[in-house]
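Based on the provided sequences and hints, a complete structural model is requested.
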Amino acid sequence: MTTANPTIEYNHDSQQFICQGEWVIAYLPVLQNKFREIKWAESGSLTINGAAISRMDSAGAWLLNEWKTALEEKQWHVNFEKFSKEQQALLNMVEKTIAAEEPIHAIPPLSLVARVGKQTLDSIALFQEYLAFIGKLSFEALRIAGNPKHLRWGSFVTVIYRTGFQALPIIALLSLLIGVVITYQMGLQLKNYGANIYIVDLLGLSILREFGPLITAIMVAGRTGSAFTAQIGMMKLNQEVDALNTMGVTPDELLLIPRIVGLLIALPLLTVWADGFGVIGGMIMSNSMLKITMYDFMQRFPHVIPLKTLLLGLCKAPVFALVISSIGCFQGMKVEGGADSVGLNTTRSVVMAIFFIIVADAFFSIIFSKLKL
Amino acid sequence: MTNSEPIIEMKNINTVLGGTCVHKDLNLTINRGEILGIVGGSGSGKTTLLREILALTRPNSGSIDVFGHDILTASSATLLAIQKRWGVLFQQNALFSSLTLLENVLFPLKEHTSLDVNSMKDLAELKIMMAGLPLDAASKYPAELSGGMQKRAGLARAIVLDPELLFLDEPTAGLDPQTATGFDDLILNLQSSMGLTIVMVTHDLDSLWKITNRVAFLGKGGVLAVEPMQKLVKNSNPLIQEFFGGPRGRAAQESHDGN
Numbered sequence: 245m246t247t248a249n250p251t252i253e254y255n256h257d258s259q260q261f262i263c264q265g266e267w268v269i270a271y272l273p274v275l276q277n278k279f280r281e282i283k284w285a286e287s288g289s290l291t292i293n294g295a296a297i298s299r300m301d302s303a304g305a306w307l308l309n310e311w312k313t314a315l316e317e318k319q320w321h322v323n324f325e326k327f328s329k330e331q332q333a334l335l336n337m338v339e340k341t342i343a344a345e346e347p348i349h350a351i352p353p354l355s356l357v358a359r360v361g362k363q364t365l366d367s368i369a370l371f372q373e374y375l376a377f378i379g380k381l382s383f384e385a386l387r388i389a390g391n392p393k394h395l396r397w398g399s400f401v402t403v404i405y406r407t408g409f410q411a412l413p414i415i416a417l418l419s420l421l422i423g424v425v426i427t428y429q430m431g432l433q434l435k436n437y438g439a440n441i442y443i444v445d446l447l448g449l450s451i452l453r454e455f456g457p458l459i460t461a462i463m464v465a466g467r468t469g470s471a472f473t474a475q476i477g478m479m480k481l482n483q484e485v486d487a488l489n490t491m492g493v494t495p496d497e498l499l500l501i502p503r504i505v506g507l508l509i510a511l512p513l514l515t516v517w518a519d520g521f522g523v524i525g526g527m528i529m530s531n532s533m534l535k536i537t538m539y540d541f542m543q544r545f546p547h548v549i550p551l552k553t554l555l556l557g558l559c560k561a562p563v564f565a566l567v568i569s570s571i572g573c574f575q576g577m578k579v580e581g582g583a584d585s586v587g588l589n590t591t592r593s594v595v596m597a598i599f600f601i602i603v604a605d606a607f608f609s610i611i612f613s614k615l616k617l
Numbered sequence: 027m028t029n030s031e032p033i034i035e036m037k038n039i040n041t042v043l044g045g046t047c048v049h050k051d052l053n054l055t056i057n058r059g060e061i062l063g064i065v066g067g068s069g070s071g072k073t074t075l076l077r078e079i080l081a082l083t084r085p086n087s088g089s090i091d092v093f094g095h096d097i098l099t100a101s102s103a104t105l106l107a108i109q110k111r112w113g114v115l116f117q118q119n120a121l122f123s124s125l126t127l128l129e130n131v132l133f134p135l136k137e138h139t140s141l142d143v144n145s146m147k148d149l150a151e152l153k154i155m156m157a158g159l160p161l162d163a164a165s166k167y168p169a170e171l172s173g174g175m176q177k178r179a180g181l182a183r184a185i186v187l188d189p190e191l192l193f194l195d196e197p198t199a200g201l202d203p204q205t206a207t208g209f210d211d212l213i214l215n216l217q218s219s220m221g222l223t224i225v226m227v228t229h230d231l232d233s234l235w236k237i238t239n240r241v242a243f244l245g246k247g248g249v250l251a252v253e254p255m256q257k258l259v260k261n262s263n264p265l266i267q268e269f270f271g272g273p274r275g276r277a278a279q280e281s282h283d284g285n
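First to last, the sequence lines map onto chains B and U.
Every number in my numbering is 244 more than the matching position in the first sequence, counting from 1.
Every number in my numbering is 26 more than the matching position in the second sequence, counting from 1.
These aren't lab readings, by the way, just hints derived from the structure by calculation.
Check each hint, because a few of them may be wrong.
Pair by pair, the computed Cβ-Cβ distance ranges are [as the list claims (entries may be wrong)]:
1. B/V401 <-> U/S123: 32 to 38 Å
2. B/V401 <-> U/N261: 56 to 62 Å
3. U/L105 <-> B/S355: 48 to 54 Å
4. U/T46 <-> B/Q276: 51 to 57 Å
Straight-line C-alpha distance at most 27 Å; calculated DSSO-like pairs for lysine-lysine [what the hints assert, rightly or not]:
5. B/K340 <-> U/K136
6. B/K340 <-> U/K260
7. B/K278 <-> U/K147
A quick note: this is a predicted structure, and the numbers were derived from the prediction, not measured.
We put the beta carbon where it would ideally sit given N, CA and C, even for glycine.
Structure follows, in structure tokens:
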């Protein structure tokens, strides 16, 4: 195939504009540059001669049409001449299509105040939607509770396996490290006062009451909340959720309730596991840094840390589980459109879940201190 | 317009997918300027054939010449040059869901031309309108468009680089009859004005009658016949008779003959 660079030649005397070569999209920038170099008079008439054009595509036709429009605005008279039948047809079609063009009405950008207002209203609407979701879910849960054969044991057990059992190694490692870090930081201070043995009290309290439940919940929000959103979101895009609805099985029953109940059981168990490893991490560090033997540690632990501490920490876990799973499922059900929305909602699900876990934890602190626990 | 210059030549294609033989010594030639339909029962390897021409799937043996280059042995530079000369409308449209319609259509222009931004935008808008879409749809995301509009958007993106060769995979599947007819007209219109060669995989018998010049019938791992529809329906091969002989086949033929 011969590739002939297109050229344009402007004959000032005969008012002829001779086009040559291949008028295809690849050469468009070259042609545009050549056209700009021509010095045009105020007005006149021009004949665009296309006899030497070997090939023209719709981009080429568009370019000629653009030039014609530009010149006509400057009071030039322009006509096309000696184009082949196909090329003329293409020119006509481009001209006709562009003539039918209706200008798009640009949406003016909102001012700062309007943006803040819109964001606020959107957030309120989202919260209302969330409440409605929780309401519907509670209603469904009551319905299923009254008729336990509707509880999907299979998916329920799978959820516990995936969110609980499979998370054991990572939660253990993480809590162990947290125990080590806390002991190291506190130990440095305690050593100054020669109060080494009090590390047992400090570690026991902070791990069992705060760090164990909180770190586990944050880890699970990242690991499981995101998975819930992505799974349910893809099912939504795939119309699987719609399919369930038409078959008389509510998605709440099959998809949401097992996830929520499953996590409600798995998260407290994981918290106990995390508590254990956090304390073990602290014990190892106490032994090597503060010279407190494991025997001494174990002996002191039950004396200074009452069972109440463990239970207060543990009673937060079900609340965190509800926060994680309900937000994960809610964001999953809100997915619509395409893959982009899955990504966006998964991010939102994790951020919102962690945010509300910390908010809930703050509330627990207030309540516990009011109750003098 | 049809002359006998081949634009795609497939020779002795053998394909085995997942242990089943899909193509066995398949030969097919597609000429410049024609509209070729590819039909066949379910599982006859139509989509696989299309994917092989598009260099998405490799056959186990054989050769596929597109624009005179064997795409199975072509260097990546040659393949890129070929890819700029064809456009594809996928069955599910394959529009990028994170981009608006205009950005979708702009995408090939941005990747493969050095035009300035305004020219690109004007060209993209021209193609959107040529595909029969209103310009106010340009700022919408694919998910906000109806099925028929998504098809047109996919077509606008496929033709934005003025390809010589256009592949359509089930272009009218899932469209209502009226929209499907409109889409057929659109394809015919574009073909005649832009001088395209079109390869379409379809089950839509009305489309086959209305817009194809020739139809390749796939079956038993090969091409059973490549003929214009009028001749193909008279072919004595039992598979072809079964395909076109049903009530739907006859209805499509009658409606075509009636026109």
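Hint check results:
1. For B/V401 and U/S123, the Cβ-Cβ distance of about 35 Å falls inside the hinted range of 32 to 38 Å, so the restraint holds.
2. The hint said 56 to 62 Å for the Cβ distance between B/V401 and U/N261, and at roughly 58 Å that hint holds.
3. Between U/L105 and B/S355, the C-beta spacing of about 50 Å keeps the proposed range 48 to 54 Å intact.
4. Between U/T46 and B/Q276 the Cβ separation comes to about 53 Å, which falls inside the hinted range of 51 to 57 Å.
5. For the given pair, B/K340 sits about 26 Å from U/K136 by alpha-carbon distance, which is consistent with the 27 Å threshold.
6. Taking the CA atoms of B/K340 and U/K260, the gap is near 42 Å; set against the 27 Å cutoff, the hint is violated.
7. Annotation: proposed proximity of B/K278 to U/K147 holds, straight-line Cα distance about 21 Å (limit 27 Å).
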